[in-house]
Amino acid sequence: MTEDEFRTLYLRMRDDVFAFAARRLGTGPAEDVVSETFEVVWRKRNVAPGSDENWPAWTVGVARNKIRQEVRRRWKHRRAEADLDDGTHHAHQRTTGADAEVVDSLVGRRVYQRLSETQRELFDLAHLRGLTTDQAASVLGITATAYTTRVSRLRASIERLYKEEGG
Amino acid sequence: MGDPLGSRSGGNTQQEETSVGTQNTDDESETARLQKVAAQIGFADAEQLVSRAEFEDPDGLLARLRARSAPAVSSDEP
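Protein chains in written order, with the numbering used here: chain A, 1 to 167; chain B, 1001 to 1078.
In short, the hints are calculated from the structure, not lab data. Yeah, the Cβ is synthetic: ideal placement off N, Cα and C, and Gly gets one too. There's no promise every hint is true.
Partial chain A-side listing against chain B, Cβ under 8 Å, derived [unchecked claim]: (1) 2; (2) 3; (3) 7; (4) 19; (5) 31; (6) 38; (7) 102; (8) 107; (9) 126; (10) 127; (11) 148; (12) 151; (13) 154; (14) 157; (15) 158; (16) 167.
Assemble the whole structure, with the sequences as input and the hints as a guide.
In structure tokens form, the structure reads like this:
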């Protein structure tokens, strides 16, 4: 990957990486994820996938790892807090504190909090504009058909949860 | 009560799972359907999120990364 190619990849994918991270972590930390992701891309540019068609998905994969690390760090922190607090906050362990920034309705927020970790990741991935279905599927290491099936199931789950929450 | 999400509720999920993903247009529309549902229950779209971002300019980023990857020069070197 040349410097020009890196610059082009950065300009093409930084919005997506930011939005991907902002949904999970909030907008402030998302800027750090963008920066750290492209530092890794630059450092590993000599072992990037051979075809430049695969670079966007590879970049999102790097961002995904960064986000997972931060989510794990926050969960550990919250678990430690909840343990000190008699476990009363256990019901909110899956939240990362970014919900209010990405969902502007209370019902929507409750729906998001009820999604599993895997569902949230798929939800966020399905909102990326710079990836085709095939590329998004490759981030998860599954086929495009399996990816589409999961997206369809997720939508059905969200619709069900929305009704359960009184929406 | 109406269906505020405009979903295809009551449909056969299994049938749906086997009917999607066979063509790219179906794949894309399945993603679009999820995005539409998300927007209807209040999720910010990408434009709203990105409007809050302050990105590093690509030349500045490259300069910083080049500087970081440059070998450190020891003052002890001849």
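Going through the hints against the structure:
1. 2: Cβ of residue 2 of chain A sits 11 Å from chain B, so the hint is violated.
2. 3: Where the cut-off is 8 Å and the nearest Cβ of chain B is about 6 Å from residue 3 of chain A, the hint holds.
3. 7: Nearest chain B Cβ about 5 Å off; hint holds.
4. 19: At 4 Å from the nearest chain B Cβ, residue 19 of chain A passes the 8 Å test, so the hint holds.
5. 31: Hint holds; residue 31 of chain A Cβ to chain B Cβ min 6 Å, cut 8 Å.
6. 38: holds (6 Å)
7. 102: holds (5 Å)
8. 107: Status holds, d = 6 Å.
9. 126: holds (5 Å)
10. 127: This hint holds: residue 127 of chain A lies near chain B, its Cβ roughly 6 Å from the closest one there, short of 8 Å.
11. 148: holds (4 Å)
12. 151: holds (5 Å)
13. 154: holds (6 Å)
14. 157: It is violated, given that the least Cβ distance between residue 157 of chain A and chain B is near 10 Å, above 8 Å.
15. 158: This interface hint holds because 6 Å falls under the 8 Å limit.
16. 167: Since the shortest Cβ distance to chain B is 6 Å, the answer is holds.
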